[in-house]
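Engineer: Sequence:
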Amino acid sequence: MNWKGSPGWAGALLVVLVLAAYYPATNAGYIVDDENYVTENLTLRDVGGLKQIWLEQGATPQYYPLVFTTFWIEYQLWGVEPLGYHLVNVVLHALNSLLVWVLLLRLSVRGAWFAAAIFALHPLHVESVAWVAERKNVLSVAFYLLSALTYLRFAGLGSSSPPGRWRFYFLSLGLFCAALFSKTATLSLPAALLLVLWWKRGRLRLDGVVPLVPMFLLGLAMGLLTLWIETTRGGASGDLWDLSWVERFLVASRALGFYVAKLVWPLGLSFNYERWTIDASVWWQYLYLLIEVALIAGLWLFRRRVGRGPLVAVLFFAGTLLPTLGFFNVYFFRYSYVADHFVYPASLGPIALAAAGAAGLTRRFGRPSGVAVGIILVVLLGLSWNRSRSFE
1 MNWKGSPGWA
11 GALLVVLVLA
21 AYYPATNAGY
31 IVDDENYVTE
41 NLTLRDVGGL
51 KQIWLEQGAT
61 PQYYPLVFTT
71 FWIEYQLWGV
81 EPLGYHLVNV
91 VLHALNSLLV
101 WVLLLRLSVR
111 GAWFAAAIFA
121 LHPLHVESVA
131 WVAERKNVLS
141 VAFYLLSALT
151 YLRFAGLGSS
161 SPPGRWRFYF
171 LSLGLFCAAL
181 FSKTATLSLP
191 AALLLVLWWK
201 RGRLRLDGVV
211 PLVPMFLLGL
221 AMGLLTLWIE
231 TTRGGASGDL
241 WDLSWVERFL
251 VASRALGFYV
261 AKLVWPLGLS
271 FNYERWTIDA
281 SVWWQYLYLL
291 IEVALIAGLW
301 LFRRRVGRGP
311 LVAVLFFAGT
321 LLPTLGFFNV
331 YFFRYSYVAD
341 HFVYPASLGP
351 IALAAAGAAG
361 LTRRFGRPSG
371 VAVGIILVVL
381 LGLSWNRSRS
391 FE
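Residue numbers for the sequence shown follow my numbering, beginning at 1 and rising by one.
These are calculated hints, taken from the structure and not from any lab test.
Treat the hints with care, as some may be off.
Unchecked claim - Just the calculated beta-carbon pair ranges, DEER-fashion: (1) Gly79 to Val246: 49 to 59 Å; (2) Val47 to Asn272: 30 to 40 Å; (3) Asp46 to Leu105: 36 to 46 Å; (4) Trp284 to Arg233: 17 to 27 Å; (5) Arg305 to Val260: 14 to 24 Å; (6) Gln76 to Ile376: 38 to 48 Å; (7) Arg389 to Leu105: 31 to 41 Å; (8) Arg165 to Gln76: 23 to 33 Å; (9) Pro7 to Val371: 15 to 25 Å; (10) Leu206 to Gly79: 51 to 61 Å; (11) Leu220 to Leu287: 50 to 60 Å; (12) Leu240 to Arg165: 45 to 55 Å; (13) Phe327 to Leu287: 29 to 39 Å.
Built from N, CA and C at the ideal position, the CB exists for glycine as well.
Start from the sequences, fold in the hints, and give me the full structure.
Structural biologist: Listed below in structure tokens is the structure:
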């Protein structure tokens with residue numbers, strides 16, 4: 001499952017799998033929010049609108065100027081014809097799948113190609129790809145992964161530290177800014193890089209931590225701006241968001257359990273899930289939190305026996321989801337505390353962990369496990385193809 005043939009053919013196969021799974025999405029039109037992002041967005045009409053996208057607060061529904069810049073370019077090319085917008089999303093998802101493969105190879109993760117293929121085909125990602133307004137997801141993750149790869153080159157992980165390595169640092173910083181200008185949820189990248197440095201080195205050194213400080217500050221600034229926009233202009237305030245801290249922890253822990261369940265068993269996917277009733281007086285609602293705390297504690301205590309990788313994967317998953325777990329007010333919580341598109345980048349943690357485990361089984365049991373891997377990919381392709389059809 002770490003591809004043994006030509007890397008070119010392996011990459012081409014990933015792209016073909018994405019195109020096959022998302023072919024129905026190319027027949028899709030526009031749905032909710034797409035009118036604000038594209039069809040009725042006046043900033044896309046002329047050059048003055050491009051200036052508004054970057055400099056005028058409130059000109060666009062959210063301050064993600066790179067996203068709206070891509071829409072502006074596409075509007076000049078093909079107007080409001082939906083095919084072009086959908087194709088760009090599919091191409092970006094294919095690019096992200098390739099970048100996942102390269103990143104995991106750089107980190108010497110077993111089953112790197114299999115993990116990238118799962119990422120490419122998992123039906124939980126269809127909403128991020130087939131929904132035009134979720135350009136922010138596929139675009140931001142492309143910059144996120146490129147920034148991570150460039151920073152790892154700067155840090156000398158997976159390769160020797162190159163001459164003039166600081167140019168890779170500033171390139172990584174610029175790519176991180178591009179990710180933030182595409183979606184603020186990518187602010188978790190410096191924390192993710194800290195986890196990777198600890199995982200690979202067993203400790204954190206100042207030369208690895210200090211360069212990440214500007215990233216943390218940039219992420220904090222964009223996070224505060226987005227939070228202000230959500231609560232003032234976005235309408236994320238009032239009784240529906242008036243939760244105690246205990247209730248917010250209950251929302252977060254239940255959401256984590258929900259996403260894990262959907263990653264493992266991706267059936268019954270919905271554009272809008274039922275909004276849970278959170279009640280701190282109901283004992284069973286604490287079970288999610290207790291199980292998750294116990295899991296993290298166990299992985300920490302047994303890290304020398306099972307390795308640091310599983311703990312890093314779990315912490316990456318929870319940390320990347322943190323902005324959308326209920327601790328901060330998000331307008332979408334009016335409808336539901338969970339959404340498929342929230343898990344797009346965070347899914348990399350459990351997917352890589354599962355693929356590495358599957359690679360170990362294949363190495364031990366041989367061909368039967370390899371056949372199972374093939375069946376899994378075919379099933380995921382079919383599920384994503386069918387899910388893509390729902391966006392037509």
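Engineer: Of the numbered hints stated previously, which ones are contradicted by the structure, given in increasing order?
Structural biologist: Those not satisfied are hints 4, 8, 11 and 13.
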